[in-house]
Amino acid sequence: MLGLSAYAIWLLCTLAEASVVVCSLVRGSFRKYLALNLYMIGSVVVSVLRYWVFASYGYASDQYAFCYYYSDVLLTICLYFALTNLYAHVFEEMAAEKNIRFSAILLLVGTAAFSLAIVLQSSHRFTTRFFVEVSQNLNFVGLVLTYILWGAVFKLRETRTQLIQLVLALGLYFSLFAASFALRNLYPPASDLLKNMDPIIGCVLPLTWAYAFWRVPSDARLRPAGLAVVPR
Amino acid sequence: MIAGIIFACSVVFLLQFFVSYCRSLIAASSKQVLSPEVRDVTGISASASGEDFQRVMQLLHLCPETPEDRSRIQAVGAYFGLLNFMRSTVARVVPSLRAWTDAERAHCAYFAAVALERRIAFSRDLLAQQMDA
Numbered sequence: 001m002l003g004l005s006a007y008a009i010w011l012l013c014t015l016a017e018a019s020v021v022v023c024s025l026v027r028g029s030f031r032k033y034l035a036l037n038l039y040m041i042g043s044v045v046v047s048v049l050r051y052w053v054f055a056s057y058g059y060a061s062d063q064y065a066f067c068y069y070y071s072d073v074l075l076t077i078c079l080y081f082a083l084t085n086l087y088a089h090v091f092e093e094m095a096a097e098k099n100i101r102f103s104a105i106l107l108l109v110g111t112a113a114f115s116l117a118i119v120l121q122s123s124h125r126f127t128t129r130f131f132v133e134v135s136q137n138l139n140f141v142g143l144v145l146t147y148i149l150w151g152a153v154f155k156l157r158e159t160r161t162q163l164i165q166l167v168l169a170l171g172l173y174f175s176l177f178a179a180s181f182a183l184r185n186l187y188p189p190a191s192d193l194l195k196n197m198d199p200i201i202g203c204v205l206p207l208t209w210a211y212a213f214w215r216v217p218s219d220a221r222l223r224p225a226g227l228a229v230v231p232r
Numbered sequence: 001m002i003a004g005i006i007f008a009c010s011v012v013f014l015l016q017f018f019v020s021y022c023r024s025l026i027a028a029s030s031k032q033v034l035s036p037e038v039r040d041v042t043g044i045s046a047s048a049s050g051e052d053f054q055r056v057m058q059l060l061h062l063c064p065e066t067p068e069d070r071s072r073i074q075a076v077g078a079y080f081g082l083l084n085f086m087r088s089t090v091a092r093v094v095p096s097l098r099a100w101t102d103a104e105r106a107h108c109a110y111f112a113a114v115a116l117e118r119r120i121a122f123s124r125d126l127l128a129q130q131m132d133a
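Just so you know, the protein sequences line up as chains C and Y, in that order. Numbered as in my numbering, the first sequence ends at 232 without a single skipped number. Numbered as in my numbering, the second sequence ends at 133 without a single skipped number.
I should point out that these hints are in silico values taken from the structure, not numbers from a laboratory. Treat each hint with caution, since some may be false.
To spell it out: a stretch of chain C is covered by chain Y in this simulated footprint if at least three of its residues, at any positions, have a beta carbon under 8 Å from a beta carbon of chain Y; those stretches are [said to hold, decoys possible]:
1. 7-21
2. 161-168
Below, a sample of chain C positions facing chain Y; criterion: calculated Cβ distance under 8 Å [as the list claims (entries may be wrong)]:
3. S47
4. V48
5. L49
6. Y51
7. A55
8. Q136
9. G171
10. R215
Beta carbons: idealized from backbone N, C-alpha and C, even for Gly.
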């Protein structure tokens with residue numbers, strides 16, 4: 001059974017995801033950041049699907065657990081493609097889109113195989129354990145890729161404020177989830193508490209992206225060196 | 001072992017992304033010039049200092065909220081809290097870090113003053129609309 005606050009966060013998160021799409025449509029950025037918007041549409045659909053499974057079978061059911069973890073992995077894979085979209089924007093002058101996509105798919109398959117190998121060695125609860133392991137690893141690889149992209153933003157002196165904020169928001173999201181999944185593996189008794197935190201963390205990305213699309217003009221510029229933690 | 005490494009790296013990356021994200025929010029407001037009346041109200045004359053932040057935030061909470069700036073102000077408030085924590089712990093040992101946290105706290109205060117200016121303008125517009133109606 002979920003509390004009122006959990007329902008409220010769930011609803012808020014779904015509305016925030018929908019608002020990203022609306023904001024980018026209104027500001028004319030929908031096609032420019034197509035993969036990001038498709039990911040957000042996917043997130044809304046998954047939210048509705050999860051609610052349907054939850055209402056039909058209950059929170060503690062195997063069906064809900066399977067639906068939750070399976071859709072989570074699928075969404076993380078979609079977010080990979082959103083990330084490659086951001087890579088394509090940063091490297092657009094180099095016309096390296098094909099190479100970026102190929103590398104991302106290779107990395108994705110490698111991460112899944114690595115997670116499978118770990119789970120096959122150690123677990124009797126194969127399915128759920130595999131999804132937790134794959135989610136942790138995918139989030140971490142996503143985080144590393146976002147960090148590399150952030151490095152490229154610095155190196156190439158990317159100045160588009162909107163793009164910079166989209167990248168930073170993605171980094172925040174990946175690092176929060178990677179830390180949460182890793183902590184679940186490190187300290188299993190905290191799993192339930194951390195699982196309840198997921199919807200709150202899940203709100204970070206749609207809220208920050210909606211802000212970037214709505215409030216930051218597409219032609220706004222920023223000096224990336226001024227954002228470094230260590231002054232340059 | 002792998003989970004431990006992932007956790008440690010994630011926390012370090014999280015801090016870096018959080019600081020950079022907050023700085024990107026603050027950067028936009030640093031170019032704006034404060035009006036003389038906001039300077040009078042906040043007591044920020046030439047340049048802001050970290051000590052001004054709490055006072056400006058109190059003034060900010062007296063004005064009606066605009067939905068767009070709420071999450072931004074919360075994020076910068078959390079960033080200010082992080083800077084205060086660093087200032088009272090690590091920066092005591094590393095003097096250069098103290099100068100950096102002081103400069104960042106001042107930027108946060110200036111950001112809050114710019115947000116106050118926006119909220120005052122928003123309140124005036126609201127009042128004007130009500131008068132017209």
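Evaluated hints:
Counting residues of the stretch 7-21 of chain C whose beta carbon lies closer than 8 Å to any beta carbon of chain Y gives 0, which falls below the threshold of three, so the coverage claim is violated. With 4 residues having a beta carbon nearer than 8 Å to a beta carbon of chain Y, the stretch 161-168 of chain C meets the requirement of three or more and the stated coverage holds. Because the closest C-beta pair between S47(C) and chain Y is about 20 Å apart, greater than 8 Å, the hint is violated. The closest approach between the C-beta of V48(C) and any C-beta of chain Y is roughly 24 Å, which is over the 8 Å cut-off, so the hint fails.
Checking L49(C) against chain Y by beta carbon gives a least distance of about 27 Å; that is not within 8 Å, so the hint is violated. The interface hint given for Y51(C) is broken, as the beta carbon of that residue sits about 24 Å from the closest beta carbon of chain Y, more than 8 Å. Taking 8 Å as the C-beta cut-off, the interface hint given for A55(C) is violated, the closest approach to chain Y being about 30 Å. Look at Q136(C): its Cβ gets to within about 7 Å of chain Y, closer than 8 Å, so that hint holds up.
Because the closest C-beta pair between G171(C) and chain Y is about 4 Å apart, less than 8 Å, the hint holds. Given hint, R215(C) at the interface with chain Y, holds; its Cβ is 6 Å from that chain's nearest Cβ, closer than 8 Å.
In the structure shown, a violation is registered for the earlier hints numbered 1, 3, 4, 5, 6, 7, in ascending order.
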